[in-house]
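Work out the full structure: start from the sequences and follow the hints.
Using our numbering, you'd call the opening residue of the sequence shown number 66 and step up by one each time.
Certain hints may be false.
Claimed, not checked - Simulated restraints, written as ranges between beta carbons of each label pair:
id, residue 1, residue 2, range
1, PRO125, VAL146, 24 to 32 Å
2, TRP109, VAL269, 26 to 34 Å
3, LEU195, GLN148, 23 to 31 Å
4, PRO241, PRO94, 30 to 38 Å
5, ALA191, TRP109, 28 to 36 Å
6, ILE273, ILE240, 19 to 27 Å
7, PRO72, ILE152, 41 to 49 Å
8, LEU124, VAL146, 22 to 30 Å
9, TYR252, THR194, 24 to 32 Å
10, TRP106, TYR131, 31 to 39 Å
I should point out that these hints are in silico values taken from the structure, not numbers from a laboratory.
Note that the Cβ used here is the ideal one computed from N, Cα and C, for glycine as well.
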Amino acid sequence: MNGWLGPEEWQAVMLSLKVAFWAVAGALPFGILAAYALARWQFWGREFLNIIIHLPLVLPPVVTGYLLLLSFGTQGAVGQVLQKLGIVVAFHWTGAALAAAIMAFPLFVRAVRLSLEAVDPKLEQAASTLGASGARVFLTVTLPLIAPGILAGAVLAFAKAMGEFGATITFVSNIPGQTRTLPSAVYAFLQVPGGEASAMRLVVVSIIIACGALIVSELLARRVAKRVGRL
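Listed below in structure tokens is the structure:
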């Protein structure tokens, strides 16, 4: 693929892989916690939390990006605190990872939550009656059962992060080598004469990655269904 893609195209693909990886890695623990809270706990504000988590799915991505810019930009309250700590997110690849993580977060949470809701709580209760702590029950009983769902959610979140455009370009712009991810590169190539060939190559790469993610996610979802059917 390195010979088929030009230097700028390859740079965009590699940056997208980097951004998507860290987006999923950063969202993973918070997503599992949020999914567990929604699936297992009853508390005041539960529905509000559910709405906040899924809001990026229904909001225009540009709106999400603008809200990130207001909060994490150089003049934003959170952004100024992070700058004092030496953490840069605005107009940097880390900001692209943050935007991608927020946009992919609902897909991951939903996949994990469905897996949790498919697990019979009696299995967890049985482990508790045998003296296992809550943390041990989760690690030894719940986590192995929902592992395929976590993987399926992570794959979907990775694909979503790879394809994120609106929130990313609004928050961190389209800087070559810094924030120009694969979809941003497609957009940039379409704006210049003779860039259609490069854009088409990146489109093909995007389709391959998206199809691969959907196939893997479907296989994992079927595995979850089979496992639940045996319980």
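Evaluated hints:
{"no.": "1", "hint": "PRO125 to VAL146: 24 to 32 Å", "in the structure": "holds, 27 Å"}
{"no.": "2", "hint": "TRP109 to VAL269: 26 to 34 Å", "in the structure": "violated, 49 Å"}
{"no.": "3", "hint": "LEU195 to GLN148: 23 to 31 Å", "in the structure": "violated, 50 Å"}
{"no.": "4", "hint": "PRO241 to PRO94: 30 to 38 Å", "in the structure": "holds, 32 Å"}
{"no.": "5", "hint": "ALA191 to TRP109: 28 to 36 Å", "in the structure": "holds, 29 Å"}
{"no.": "6", "hint": "ILE273 to ILE240: 19 to 27 Å", "in the structure": "holds, 25 Å"}
{"no.": "7", "hint": "PRO72 to ILE152: 41 to 49 Å", "in the structure": "violated, 29 Å"}
{"no.": "8", "hint": "LEU124 to VAL146: 22 to 30 Å", "in the structure": "holds, 24 Å"}
{"no.": "9", "hint": "TYR252 to THR194: 24 to 32 Å", "in the structure": "violated, 57 Å"}
{"no.": "10", "hint": "TRP106 to TYR131: 31 to 39 Å", "in the structure": "holds, 32 Å"}
Of the hints listed earlier, those the structure fails to meet are numbers 2, 3, 7 and 9, in rising order.
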